[in-house]
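**Student:** If you want the building blocks of each chain, they are given just below.
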Amino acid sequence: MKVEFDEPKCVAAGQCAMVAPDVFDQRDDDGVAIVLDATPDPSLHDEVREAAAVCPAAAIRLVEQ
Amino acid sequence: MNRIVVVGASAAGLAAAETLRREGYDGTLTLIGEELDAPYDRPPLSKQILAGDWEASKLALRTADQLSALRLELRLGAVATGLDREARLVHLADGGSIGYDGLIVATGVRARRLPGQGGHVLRTLHDAVELRKRLGPGRRLAVVGAGFLGAEAAAIARGLGCEVVLLEPAPVPLAHAVGDRIGRILSQVHGEHGVDLRTGVAVTAVTDGGVLTADGALVEADEVLVAIGSRPNTEWLEGSGLTVGDGVVCDEFCRAAPGVYAAGDVARWHNPLFGEEMRIEHRTNAAEQGMAAARNLLGAARPFAPVPYFWSDQYDLKIHAYGHLRGHDLVTIVAGDVAERRFLAAYRKGDRLVGALAVGMPPKAIRSWRQAMAMGASWSSVVSEGVPS
Ligand SMILES: Cc1cc2nc3c(=O)[nH]c(=O)nc-3n(C[C@H](O)[C@H](O)[C@H](O)COP(=O)(O)OP(=O)(O)OC[C@H]3O[C@@H](n4cnc5c(N)ncnc54)[C@H](O)[C@@H]3O)c2cc1C
Ligand code: SF4
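Chains as they are written, first to last, in my numbering: chain Z, -11 to 53; chain B, 670 to 1058.
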């Protein structure tokens, strides 16, 4: 799985970092998301899918391989 | 279960459909939506789209490939007109009907209007594009209603060079939602940006050349945006036997009746975390509740107990709010400085922390408050001991 992030769309909601804290964080100043791990371990795939689904800006796109 | 129908092809309906597939549901999945556009995102309508910063194509919630991977019977431009629960049929405006074993209602809300012709509302992509065409330097725009939507649109219209008058019947905009003090602070920015905010002004109708107020005066404008709230799209459920009262009434599992669930702006459900019935018109809730309803339809039996969240962008202010602020009995500023418009306010109801609203604060600063709310923290514990950060 590859995580693609469309930064200009991010509204800094932080849902991703709550759902998948090993894969997403937020910048300190404006809260925009940071992808910590663009090719997460399979054990994290479920939570990454959850994060992509819940992102209110549809800013997270997953390319499943 | 072999046939699931989701009515409403927007944030909540899409999240439900996606979750059904992710959870392994393999039967027929029909997604019915009145709009012709594939599922798209609404919050940018009053922000980037109205400002002209984004192409409409950026709003698509999923790519065509992602949608086709869901193996949907996607019925765009189809309107559900009735529900027969005994026969398990959804009736459509074209005279057809679709059978189901499981149903998710995600028909959202529509904008309330005023009597009279010619006013704009802002709910769909079409609405936003039409309004955008009419705005520009020197155009006079009257915005009726200074809630979050009206405030965002007023801010964007100013940025486009319009003369903007913002009319609000309440003495303080947003007071019912965020409290008197925070409402005052948030509405001060309008004047600073040259928006003519008039409070205590009730508008009765849109008319030629502007709007009429309750005292009979005409407020002149070239264009009128009516932003006075919304109505749940539940008319098609009349006679279905579902309980409808300002939304589809559901239990804590988002269940309206056996095999029938509701999600998003249209759903009124019992949130056990706050011990209250609520209907939430927030983007994040639409996705989360769509997911929860889908899982419960498949048998998860998990109560839906979220901490609601929304954001709003006005001028250069970023507002983030967590919790259920309505009905609070106390608001306190717990961090930052109101004068600098960087602050965090906490909301109390009884002895519970029920909400937190941040303006210009790093979102991370709010997260611990969200966590405290999710754990049902008492007010005295967070305010005397402080939230862990
Ligand atoms: C301009 C604007 C700005 C916003 N900004 C923010 C923001 O900054 N932050 C935030 O948190 N939230 C914001 N929101 C709210 C957010 O967009 C909504 O909470 C979200 O769209 C709700 O999704 P939904 O799927 O429940 O309902 P909707 O988006 O209302 O979708 C319901 C769909 O069902 C369709 N439908 C209705 N009746 C029928 C029928 N009988 N048959 C078939 N289809 C039907 C409708 O056409 C519609 O496409 C904003 C909303 C708007 C309009
Ligand atoms: S959930 Fe989406 S919008 Fe929110 S911080 Fe993460 S990427 Fe950004």
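Bear in mind the hints are in silico, worked out from the structure with no lab data behind them.
Quick caveat: nothing in here was measured; it's all calculated off a predicted structure.
Please note that a few of the clues may not be correct.
Stated by the list, open to error - In silico DSS-like pairs for lysine-lysine, Cα to Cα no more than 27 Å straight-line:
{"no.": "1", "chain 1": "Z", "residue 1": "-3", "chain 2": "B", "residue 2": "987"}
{"no.": "2", "chain 1": "Z", "residue 1": "-10", "chain 2": "B", "residue 2": "1033"}
{"no.": "3", "chain 1": "B", "residue 1": "1018", "chain 2": "B", "residue 2": "987"}
{"no.": "4", "chain 1": "B", "residue 1": "802", "chain 2": "Z", "residue 2": "-10"}
{"no.": "5", "chain 1": "Z", "residue 1": "-3", "chain 2": "B", "residue 2": "1018"}
{"no.": "6", "chain 1": "Z", "residue 1": "-10", "chain 2": "B", "residue 2": "1018"}
**Student:** Tell me if the straight-line CA distance from residue -3 (chain Z) to residue 987 (chain B) falls inside 27 Å.
**Tutor:** This hinted pair holds, its Cα atoms lying about 15 Å apart.
**Student:** Need the status of pair residue -3 (chain Z), residue 1018 (chain B): alpha-carbon distance at most 27 Å?
**Tutor:** 35 Å, violated
**Student:** For the pair supplied as a hint, residue -10 (chain Z) and residue 1018 (chain B), confirm whether the alpha-carbon distance does not exceed 27 Å.
**Tutor:** 44 Å, violated
**Student:** Compare the distance between the alpha carbons of residue -10 (chain Z) and residue 1033 (chain B) with 27 Å, and conclude whether the hinted pair is satisfied.
**Tutor:** 26 Å, holds
**Student:** Just to be careful, I want the Cα atoms of residue 802 (chain B) and residue -10 (chain Z) compared with a cutoff of 27 Å; is the pair within it?
**Tutor:** 39 Å, violated
**Student:** Do the alpha carbons of residue 1018 (chain B) and residue 987 (chain B) lie within 27 Å of each other, as the hint requires?
**Tutor:** Holds. Residue 1018 (chain B) to residue 987 (chain B) sits at ~25 Å (cutoff 27 Å).
In this structure, the hints that do not hold are numbers 4, 5 and 6, in rising order.
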